[in-house]
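Novice: So the sequences go chain by chain: D and Y. Just so we're aligned: the first sequence equals residues 770 to 957 in the numbering used here. Just so we're aligned: the second sequence equals residues 770 to 957 in the numbering used here.
Keep in mind that the hints were calculated from the coordinates and are not lab data. A couple of the hints might just be wrong.
Same chains, same names: a pair is fine if it fits in one copy or spans any two.
Claimed, not checked - With a cut-off of at most 30 Å between alpha-carbon atoms, the simulated DSS-like pairs for lysine-lysine come out as follows: (1) Lys-907 <-> Lys-867; (2) Lys-791 <-> Lys-843; (3) Lys-846 <-> Lys-791; (4) Lys-889 <-> Lys-843; (5) Lys-867 <-> Lys-950; (6) Lys-950 <-> Lys-907; (7) Lys-925 <-> Lys-937.
Please read these numbers as outputs of a predicted model, since none were measured by experiment.
2 protein chains.
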Amino acid sequence: MMHLRFITSNKHKFEEARDILKRYGIRVERISIPVVEIQSNSIEEVAYNSLRYLVERRLVPSMSFLEDAGLFIKALKGFPGVYSAYVYRTIGCEGILKLMEGIEDRYAEFKSAIAFYDGKSIHVFTGVCRGCIGLEVKGSFGFGFDPIFIPEGFNKTYAELGNNVKNKISHRARALISMVKALRANIF
Amino acid sequence: MMHLRFITSNKHKFEEARDILKRYGIRVERISIPVVEIQSNSIEEVAYNSLRYLVERRLVPSMSFLEDAGLFIKALKGFPGVYSAYVYRTIGCEGILKLMEGIEDRYAEFKSAIAFYDGKSIHVFTGVCRGCIGLEVKGSFGFGFDPIFIPEGFNKTYAELGNNVKNKISHRARALISMVKALRANIF
Chain D
770 MMHLRFITSN KHKFEEARDI LKRYGIRVER ISIPVVEIQS NSIEEVAYNS
820 LRYLVERRLV PSMSFLEDAG LFIKALKGFP GVYSAYVYRT IGCEGILKLM
870 EGIEDRYAEF KSAIAFYDGK SIHVFTGVCR GCIGLEVKGS FGFGFDPIFI
920 PEGFNKTYAE LGNNVKNKIS HRARALISMV KALRANIF
Chain Y
770 MMHLRFITSN KHKFEEARDI LKRYGIRVER ISIPVVEIQS NSIEEVAYNS
820 LRYLVERRLV PSMSFLEDAG LFIKALKGFP GVYSAYVYRT IGCEGILKLM
870 EGIEDRYAEF KSAIAFYDGK SIHVFTGVCR GCIGLEVKGS FGFGFDPIFI
920 PEGFNKTYAE LGNNVKNKIS HRARALISMV KALRANIF
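Let's have the full structure, built from the sequences with the hints guiding it.
Specialist: So this is what it looks like as structure tokens:
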């Protein structure tokens, strides 16, 4: 059985990854190391640089990955994007709904970027889930902006759909599956 | 005459610093180098780490400084804070006013942190300007959130007051003056 290590301080992210990777027969262990994130408009760049920082200092073993994710709202020029965690901690879901008041185009994308270290180099995998911003906070599963994000093809938020559904269609699931495919294809 | 170097890609910041330092008989030259900023809740940490990154790579000469600044709104738990530039580029002044709708406590602080390299080590100086968020966008001077920030003791925004007044009372002026005092006291 393959073993991977997920560097994250977010237990929700870890649990999602554990459930998703289990379906592919992969076990994942959580590593908590303080990670330095750079300011950038791209989650790929944040994930890549955060992992490179750790790799350069020999702080991570081989077969480790970390993830950066963000909610990109079209009408808000991509806000909160790469700073989603900070924006969630400050203005929260309610703040986003207030900003979206009176705005008709509610299109948004949740994006995930995984940086993976195979012991030699760093590979980046991405996943996107298209959807829209709901009119109110709904549901109690998940974390962060899950209660206001309605994925395409559903009329419920991530937080209403629950982890079972979310983990099949989410941005994070898609990025993880890209990584799994690369691992299986033995491309490294 | 003392010569300093200000590492910034923001011409407004440079012009303010030039005008402020001129009053103290200090000349300042602008250097444009791409700067890597980390994600942090503290502008002091961002300024310090950005400069350290450049110093470690010998990319900056002695007597150089850079600055990080942010608008911290109490009712929004410090938002937009350290990510003010990004928030300005996405949701702008109008977004902040929308978030502040119906909120009575409009207290806010503009903060500036300067990291200065004397050729041996890095020193950090800070400046704060207390004030509040106005009810509408007003004035055309300055940049960023200047049109919605009313400094304490005034009934006009930074952008209405203009550079002459702003450069006497602003967060940036205060941080620069702290730096000047340290330089004059020859503490390095």
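Novice: Using 30 Å as the alpha-carbon threshold, which applies to Lys-950 and Lys-907: within, between, both, or neither?
Specialist: neither (33 Å within a copy, 54 Å between copies)
Novice: At most 30 Å between alpha carbons: which applies to Lys-889 and Lys-843, within, between, both or neither?
Specialist: Neither: 37 Å inside a copy, 46 Å across copies.
Novice: Have a look at Lys-867 and Lys-950 and pick one of within, between, both or neither, based on CA distance no larger than 30 Å.
Specialist: Answer is neither; intra-copy 40 Å and inter-copy 44 Å both fail.
Novice: If the cut is 30 Å between Cα atoms, do Lys-925 and Lys-937 qualify within a copy, between copies, both or neither?
Specialist: Within. Shortest intra-copy distance 15 Å satisfies the 30 Å Cα cut-off; inter-copy 53 Å does not.
Novice: Check Lys-791 against Lys-843 for me: Cα-Cα at most 30 Å, and say if that holds within a copy, between copies, both or neither.
Specialist: Classified as neither: same-chain Cα gap 34 Å, cross-chain 43 Å, threshold 30 Å.
Novice: Measure nothing new, just compare the shortest in-copy and cross-copy C-alpha distances for Lys-907 and Lys-867 to 30 Å and report within, between, both or neither.
Specialist: both (15 Å within a copy, 22 Å between copies)
Novice: Cα distance capped at 30 Å. Does Lys-846 pair with Lys-791 within a copy, between copies, both, or neither?
Specialist: Answer is neither: 36 Å inside a copy and 38 Å across each miss the 30 Å cutoff.
Consistency note: the structure conflicts with the earlier hints numbered 2, 3, 4, 5, 6.
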